[in-house]
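Student: Quick note, the sequences are listed as chains A and B, same order.
Residue numbering for the first sequence is 1 to 503, as defined by the UniProt record's numbering.
Residue numbering for the second sequence is 1 to 477, as defined by the UniProt record's numbering.
It is possible that some hints are incorrect.
To be verified - Residues from chain B shown here face chain A by an in silico Cβ test under 10 Å; the list is partial:
no. : residue
1   : P4
2   : A100
3   : S407
Claimed, not checked - Okay, the calculated bits of chain B under chain A, using three or more residues with CB under 8 Å as the criterion:
no. : region
4   : 78-91
5   : 132-143
6   : 240-248
7   : 333-340
8   : 344-350
9   : 471-477
Hints in this document: simulated from the structure, not taken from any laboratory.
Backbone N, C-alpha and C fix where the C-beta goes; we use that ideal spot for every residue, glycine too.
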Amino acid sequence: MTQLLSTLQKEVDALNEAGSRNLQLLVDNTDNFLDALRAIEADLAAQVEHEQSENAPNTNGNGVSTSVPTDTGFDSLEIITSSWYNDSIRCLKGYNGQILKFLKNIVNNSKFRADLDDAYTYPLELDSAPLNEVSLAAARQNGDARKLENRQNLLKSIAVHFLKTGHGDCLDDILTGSSLVDWVDTDTILKFAELSRIVDDLKTRHDLTLALQWLSTRERDSPELLIRLHMLQYVLVLNDAPMSVFSGDEKPDTLTEAEYAAYKYAIRNFALYFKYDQSNVESVFFLIALKPSELRAILKDVIFKAIEPENCSELEGASRKSFVLSLIQSFDDIHSNQSLFDNLAHRLTAHFCDDLGLSRNSSLFEALLAGFVNLPNFYKYNRLQQKLGQKQVEDANADDVDLPFLIPDKNRFLFEYHPIFICPVSKEQLQPLTGDDDFLKKKLRWPKEDPNANPVVVFELCRHMALKESVRSLLRGSDKFKCHYCYKKHNILEVKDAYFIDL
Amino acid sequence: MSEPTLNFFIQTRQVQFAVPNELLKKNLKAVQKLIEKVRKLLLDEIVKTQKSPHLTPQEKLTVVRKLIRSFEQFQKKLRVLVDKDAEYRRRLAARVNRLAQLQLFVVKSNKDIDDPPLDFHNEDFMTWLRDEANLLIIDYLLKSNVVGSTNVGSMVASKLSQKLELPLQDLIDIDVYETYNKVFLSITQNHDLDLITTWYTDNRNALKKIGLNLQFEIHYCRYLHLISTGQMYEAILYSKENLAPYAQSQFYSPEEQVNFASNTERLSEVGSPFTCDGYLKAICTPKTPISAILYGQNQPSNGLSVVPTLDSRIQAEKWWARLAECFTQDYTQIYGISHTYPLLVYLSAGLSCLKTKSCFCYGSNTIFGTNRQKKHMAKYSNDDPRLRGPNVYYDCLGKINQCPVCSPELFALSSSLPYGLFITSIFNKPILLPNGNIYPYDKLNAHSKKYGSDSKILDPLTNELFGRLDCLRVFPA
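Construct the complete structure from the given sequences, taking the supplied hints into account.
Tutor: Here you go:
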């Protein structure tokens, strides 16, 4: 635990304790005071009753007078009110002290502060204020039309985000009051409604039936998700044994009903995948041996050790191993491991989107993820600029410039969407051909330059590469140049245009 | 430069602790006020009884019963406030618990250092971040809502909280942002000053400390609103009463002195929106305090109505916008909320880091009709360089572009942002075919085996077959 987190936890606990203690005291004190008032009321009521009975004609005629109730409580009203007040204020003071302490130690403590405004180096063309579509005319007058378009763009990407994350029911709310609602592709929305049902079953009810049904018709070439779903279903059957999986066969006496159901399930569904990933499938299969045994803890430990993550270089392999580990760790209390279900639902959604020709993940989330990863750099850069007395925020329309700092490589594995070629000579980034006719007609604002001008070229003799412009600069009036890496001499005719194509 | 660490995640979420703390402070003040009020009420009654020493028990009983009734009402109100206090504390606890989960996601080898970086390989951390993204989006929807009747953000929050395992109500200060949005819209959309006036009164003390100009802006807007709706007499009266004092520097507290000059300036220019309507030019003497301008001047005769022209309407929008901006500043300052929506901060950083020169508007990656472009099916010849553009070859190869910046909506949003600064990053084992196309060898090989033969390599884009010996490994870096 970091110092910061432990301080934060300590302060929140202290505030919580002070709050509940002092306010409970206050409430008790108030209740007691009310009780005291009621006691005085009761005394007075008794007194009044007594007087009335004294004044009334004596009906039983025995003439015995009862003792006179006193009302001394009434005279002490001022004292008990003051004492109630003083005690109450004391409670408030005690609590207020802790609130101020929290203010000092956390809220106003610079160690806890990284102001997000300080990390907003490159502003989007979008205001941080509600902007209504109705005022489009006014927006045009103020030159805000672009902001309005961007607000719509952001709303659209929020809509797609919710659709892809199984919250399609929020779409109506988001698009309410916006003209965007007319542009939605209703066919796609309907298809996503099916996804929503599948994901709801998977995440909320932990029922994999629909997911398995949908996926088994589609995933032939890459069975990764299907294997995981089958493994999880096997564990669920082992735990819950839904009736639907029983066949008419006779169950051997040595197995419980759940075990038998799970065994049948495994026979039916695991066989295909043994050759794909034998060790992991086997590990999960062996869970059946653990269920009733007194040696459960030992066996579990053995299996657990057997598949403990090695240095698995392949990302997917490592991820599968950690899935199986998590399955084994929580197999007898599988429903409490919600993240297992969430992660599978996420993968399933990715497949679903792929099927519809959409990118597998929510673009908005991916962009935000890049923000989570890289925000410290923006924050540090901006703070440094402030210290150096530079202006805090860069000019808008920075679309023809590069970021002033290199993005760290460590977490780049999350974002490898395009092949990137940086010319080793000019340090410029290759701009592939995206000058499609339709695209140019739309007059989108970037990329601006003519992309045909500067393709990448391969040097025929050494097969190193550079941008064409850079080679021109290397010529220096002759028709020969040296490769920047290996110094091999090339003729200008010995280079060839090339194009990176990712499959 | 710097990595995302556990501490940075805590530091950038300070506002999540500042807001409930402010709410606790306010709530406690409300409790104190309530106590003071009931105490005064009780003591007043008690003093009254002391003044008449010969009360009968019946009279005393009536007094005590009255006290009990008042006190019971007080108790009810107190319970509401005590419950609120518990709710605010619950928010703090929920937030610190959520941040404490991050301990599970730190890079294992760095567990012992005080500020460990976070491990983005961890799938559970990804789930945590997905929730975080949803929180940011709800925060955005709450604050930027434009629908007057219901707040989109709180609707979405309540729907999401049914499905997510998150105590959303405790993690976002929905009430605070909803109030902000409501007041904001009442100003900009309804041109109504009631909510902002109430809010100002509730927060007068805190606002005085900040030293901003909200009260002046409210008066100024009300005055101009009266004029623009033709209520001349009321406007003049209102101005004399509420705006004239702002022309005197002694009216300002030391914190507010900075506003004196600009306020006087605005007061003296305030006739200007009216000049466009012609008949009030006479009373518009620049550089004279408004109170002097209006006091003792001839007033427009009865029955004169003012029909605002388009210009004056736009002008009026500006006054309201200015008031709304001033309100936003005050609001964010009181609660310590960042001025920019956090969603935009993360989005701007994220998009800049992802934006490459290979990005293009990938029209089919959306659910919105206008952007769904037709796929480019081989409309270019095999030797046309345009066939090699990612915008074309993705479609021809049936490949889906996963890049978020290329999605039509974010592509447009990122137009004003710089490009990320990268190092060369090309797929493994790039292999050059004689036609100039460079592919990842393993994938190309698998593809060729499926459709071609072992001895030849098939270019999936042009469907040309090449001898294996003619295909060469290249070295981009």
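Student: With a Cβ-Cβ cutoff of 8 Å, does the region 471-477 of chain B contain at least three residues near chain A?
Tutor: Held - the region 471-477 of chain B has 6 residues with a Cβ nearer than 8 Å to chain A, which meets the minimum of three.
Student: Taking beta carbons only, do three or more residues of the region 78-91 of chain B come closer than 8 Å to chain A?
Tutor: It holds: at least three residues are needed, and the region 78-91 of chain B offers 6 whose Cβ sits within less than 8 Å of chain A.
Student: For the region 344-350 of chain B, does the count of residues with a C-beta closer than 8 Å to a C-beta of chain A reach 3?
Tutor: holds (count 7)
Student: Does the interface hint hold: is A100/B within less than 10 Å of chain A, judged Cβ to Cβ?
Tutor: 6 Å, holds
Student: Hint P4/B vs chain A: min CB-CB distance below 10 Å?
Tutor: 6 Å, holds
Student: At a Cβ distance under 8 Å, does chain A reach at least three residues of the region 333-340 of chain B?
Tutor: holds (count 4)
Student: Would the hint on S407/B stand, with a C-beta cut-off of 10 Å toward chain A?
Tutor: The hint holds - S407/B has a Cβ within 10 Å of chain A, the shortest such distance being about 4 Å.
Student: At a Cβ distance under 8 Å, does chain A reach at least three residues of the region 240-248 of chain B?
Tutor: Not satisfied, violated; 0 residues make the cut.
Student: State whether the coverage of the region 132-143 of chain B by chain A holds or is violated, taking the criterion as 3 or more residues with Cβ-Cβ distances under 8 Å.
Tutor: Since 8 is at least three, the answer is holds.
In the structure shown, a violation is registered for the earlier hint numbered 6 alone.
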